[in-house]
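*Asks:* Residues per chain are reported as follows:
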Amino acid sequence: MTRSALLLPLLVGLVVGDAGAQSVPEGSQASDLAPWLRRTPSFRIDPFRHVMIPRWGFAISVGGSAENNALNLEDVGALMLLDDDDKIGYGDAIDVLGLVPRGRGIAASGLAESGAYMGGRLFGGLSIGFSAQGRAYGAFLLDDDAAALLRDGNGARQDFTLGDSRGAALASLDYGLHAVLRLGPVYSLDGPIVVLGAGGRLVRPVFYGRGRSTIANGGTIRVTGDSIVANVAIESHYTNYDDFTVSDALGSRGSGVAADFLVRLEWPTNGFALEAMVANIGKVTVEDLEHRTGAINVSTTILDSVIGILDTFDLTVVGTETLDVTLPRIVRFRASAWANRILQIDLFTTLPAGGDFPTVIAVDIGTTWRFVKALPLRFGLVVGGHQGVGFTGGFAIEGQSGFLRFMGQSLGGLFGSATGASGRLEFGAFFF
Amino acid sequence: MLRDSRRSLTIVVSLAIGLSPVTDYPFMVRIWSAGTALLLVTAACKPESVTAARDQLRRGGERTFELRLTVTDDSIITDDFLPVDADTVIDGILGIAIDQQPFVVPAVDSFMVPVEPPADAFDFGDFEEPVRNAVIEQARARLILTNDSAQQVVLTDFVFGVVELNPDGSVPRLPDGTPRYDTTDAGLSRAVPVTDPGVADFTIAGNSTAVADVEAGIVIDGLVNLVLDDRRGAMVMSGSGSGGGTPVTLLGATVDLVVLMDLTLPSAGVVFETSQSLDGAEFDVLDARQVAERITAAGISAQLVNGTPYEVDIEFAFAEGDLGEEDLFLDPTAVIVGPIPVAGGTVDSAGRVLEPGTNEAVLTLSGIQTVPLLGDRFTVRSRITIRGASSTNRAVLRPGDMVRFLASVLLSINSGGGS
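Taken in order, these protein sequences are the chains called D and A.
Residue numbers for the first sequence follow this note's numbering, beginning at 1 and rising by one.
Residue numbers for the second sequence follow this note's numbering, beginning at 1 and rising by one.
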């Protein structure tokens, strides 16, 4: 079955579902569903994930996502097999580089989080929740101007640059307090319920590292048949542990805060919901970062001299610094609607809004099928990111006493053809 | 749906979901859904063979990775290996200085003094082969003679020449007792007279030093040929003298030699070869073969600039490994490139270069021929045939005369285009 064949039924379901024009049929699964269950969980950063639950309880969750724009899982499998047989050759490397899309360079990113939450309704429509999470972000970009040298060689093109190549990673412990206030319905009994959310997190960095060019536009690299001219300079900052202690694990190398805001409108009787969320607004100060620099400034006609320089090139420690790291801010818009008595459709888009981690826009289209109210099945599409198109699937058990959710994503293709993958597991239990 | 038979295990479950029309809602359009699919892949994505793995990695579109490597970019400038100073550049012609050779003349009433220079006195460096095969046209011998006595000395029949010593180290003599100086193939004696200007003898005042500059190309040419052929040759000063009626017993003499690079080359040219071991692309055997198999085109582009007056043919032979001075032109496994001719520069009437000669050549290699360049080390043996200027085969080298070799290889390596 081809990818398009798989997409077809989902697209048909979305189109003919007429999501924006109907109300929830009385007596249907949709009408009988608690509002918080209508907020479909996502793989992406969502500080309000659990505080939307208006019952006292706790939740633990673990999830991760990683993607790149070049290699799929079968490629990785092939490399693993060649590596097992000790047969990875230069020709294989050229083939792998040939998979790097022209004009986009090599990009990869990842997100992982794991933690616990506890919270519930205080009074009226006000719910609060406390969370403690370990979270890690990472992103890497090798600019196409640099990748081209490896991918295409220097036959037709001789001028290269590091361009916007850079990479950064942050691992932190986040201690959060979030609250949501449900108001309404407003205007009328059928009017929308307004949900306002706000919260903050104390962010304690455990590890931070970054590397980038220190010359504007990435410097210059010119490789011709008779000369090599290069003027590039890079720097790195990273947390260097001599001995990793418990104190280090709890984030003793700095501190920061992040704020999150949410506005959500729900029309329970006809199944619509609109939401806007801004998350991860803040900076974290990371201390004791080892700062290293290195530069290559060469103009030669002797290749051997360049090889010698590269063989001995190393970054030199120039000191220890403290940096203010801007967290990857996101803006997300979400809309959801019920297509019929069992099908909910969600559409949300996540836009990067700055920060020290290069991310790209992504659009998620999700469907939740409740043939049995407590056993939702989820399928969806992801468009954007580094991978193009991805597929989402998952199922859950959502009862009166708690919930258990499994979700997976295959990004860039299905399974073996995937250039990225996500997985998420959530478990929650309610006290009362 | 089994994606590929080479996958070890792929289980596919297709689940078609038919949705009943929702008829109890007036705004609901009739919904149907053809279905959806659930794929459960329970096996790892490893292919089952190396071939299948390589096919997988070649799934990208066919591309050409072009790699241009500099094989050599070097200049041979005469200044680099010949000293340049006022004593070694005479009339703009570059020369090679030979270590001073001391003579001791015990008595000048009738003298015949040989000096056998050591074999290493004549170090022509990279020019040894051209010099060995060429005729040295000019060499300046500066004789510095010191008269330790108070009396003026007049030397007559004063001759500076070269002889091939007898096996016992003695100087061969003619029946009249004078040295039997070497002769050229044309029968010319390899000895030159030493006189003051305009007169037939050479005078040294008492307690003083006199200098005689002698054009001794014919002498030095003979001496160099002997020494480089591992035969015993000696410079000889001979003659007779008087000290105003009183015999002079001691006379010190020193010879400064400068061999000017004014050479006449044989018509067939002078061939000399050099070997050089260089770092390759440092692929292991597997990588080198793998890359070679992917090479769709390989060419060596050579740009040669000949700033000497000589016509030059350049030929390269290269083979994998550090092979020292092995004659790769006799190695059937070596790859031979060339010869590439480069005309000598245009010269003036004195044989001095006005404009350098140039040549650009592109030679094609097969993929397998590039294998030696892809390993850890490879050895290049260069065969350079130097020919004289077309008219007389005679030309001179000047400071700054140079030959520049620029050669690069352009490899077009196929990637992708697999299944």
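Worth double-checking, as some hints may not be accurate.
To be verified - Quick list of in silico lysine to any residue cross-link-like pairs, SDA-like style, CA-CA up to 25 angstroms:
(1) D:Lys373 x D:Gly428
(2) D:Lys87 x A:Glu48
(3) D:Lys87 x A:Asp331
(4) D:Lys87 x A:Leu406
(5) D:Lys87 x A:Glu215
(6) D:Lys373 x D:Thr326
(7) D:Lys87 x A:Ile368
(8) D:Lys87 x A:Thr156
(9) D:Lys87 x A:Asp279
(10) D:Lys87 x A:Gly61
(11) D:Lys283 x D:Gly209
(12) D:Lys87 x A:Arg294
(13) D:Lys283 x D:Gly64
(14) D:Lys87 x A:Val115
(15) D:Lys373 x D:Leu202
(16) D:Lys87 x A:Gln100
(17) D:Lys87 x A:Gly206
(18) D:Lys87 x A:Gly169
(19) D:Lys283 x D:Leu202
(20) D:Lys283 x D:Val360
(21) D:Lys87 x A:Thr183
(22) D:Lys87 x A:Asp348
(23) D:Lys87 x A:Thr254
(24) D:Lys87 x A:Ser189
(25) D:Lys87 x A:Leu67
(26) D:Lys87 x A:Pro118
(27) D:Lys87 x A:Asp284
(28) D:Lys87 x A:Phe124
(29) D:Lys87 x A:Ala52
(30) D:Lys87 x A:Gly417
(31) D:Lys87 x A:Val192
(32) D:Lys87 x A:Gly321
(33) D:Lys373 x D:Ala335
No lab work stands behind these hints: they were computed from the structure.
*Asks:* Work down the list of hints and note, for each, if the structure agrees.
*Replies:* Comparing the hints with the structure gives:
no.: 1; hint: D:Lys373 x D:Gly428; verdict: holds (17 angstroms)
no.: 2; hint: D:Lys87 x A:Glu48; verdict: holds (14 angstroms)
no.: 3; hint: D:Lys87 x A:Asp331; verdict: violated (31 angstroms)
no.: 4; hint: D:Lys87 x A:Leu406; verdict: violated (35 angstroms)
no.: 5; hint: D:Lys87 x A:Glu215; verdict: violated (69 angstroms)
no.: 6; hint: D:Lys373 x D:Thr326; verdict: violated (41 angstroms)
no.: 7; hint: D:Lys87 x A:Ile368; verdict: holds (20 angstroms)
no.: 8; hint: D:Lys87 x A:Thr156; verdict: violated (84 angstroms)
no.: 9; hint: D:Lys87 x A:Asp279; verdict: holds (23 angstroms)
no.: 10; hint: D:Lys87 x A:Gly61; verdict: holds (23 angstroms)
no.: 11; hint: D:Lys283 x D:Gly209; verdict: holds (15 angstroms)
no.: 12; hint: D:Lys87 x A:Arg294; verdict: holds (16 angstroms)
no.: 13; hint: D:Lys283 x D:Gly64; verdict: holds (22 angstroms)
no.: 14; hint: D:Lys87 x A:Val115; verdict: violated (67 angstroms)
no.: 15; hint: D:Lys373 x D:Leu202; verdict: violated (37 angstroms)
no.: 16; hint: D:Lys87 x A:Gln100; verdict: violated (63 angstroms)
no.: 17; hint: D:Lys87 x A:Gly206; verdict: violated (87 angstroms)
no.: 18; hint: D:Lys87 x A:Gly169; verdict: violated (68 angstroms)
no.: 19; hint: D:Lys283 x D:Leu202; verdict: holds (10 angstroms)
no.: 20; hint: D:Lys283 x D:Val360; verdict: holds (20 angstroms)
no.: 21; hint: D:Lys87 x A:Thr183; verdict: violated (69 angstroms)
no.: 22; hint: D:Lys87 x A:Asp348; verdict: violated (62 angstroms)
no.: 23; hint: D:Lys87 x A:Thr254; verdict: violated (70 angstroms)
no.: 24; hint: D:Lys87 x A:Ser189; verdict: violated (72 angstroms)
no.: 25; hint: D:Lys87 x A:Leu67; verdict: holds (23 angstroms)
no.: 26; hint: D:Lys87 x A:Pro118; verdict: violated (58 angstroms)
no.: 27; hint: D:Lys87 x A:Asp284; verdict: holds (11 angstroms)
no.: 28; hint: D:Lys87 x A:Phe124; verdict: violated (50 angstroms)
no.: 29; hint: D:Lys87 x A:Ala52; verdict: holds (13 angstroms)
no.: 30; hint: D:Lys87 x A:Gly417; verdict: holds (20 angstroms)
no.: 31; hint: D:Lys87 x A:Val192; verdict: violated (73 angstroms)
no.: 32; hint: D:Lys87 x A:Gly321; verdict: holds (23 angstroms)
no.: 33; hint: D:Lys373 x D:Ala335; verdict: holds (21 angstroms)
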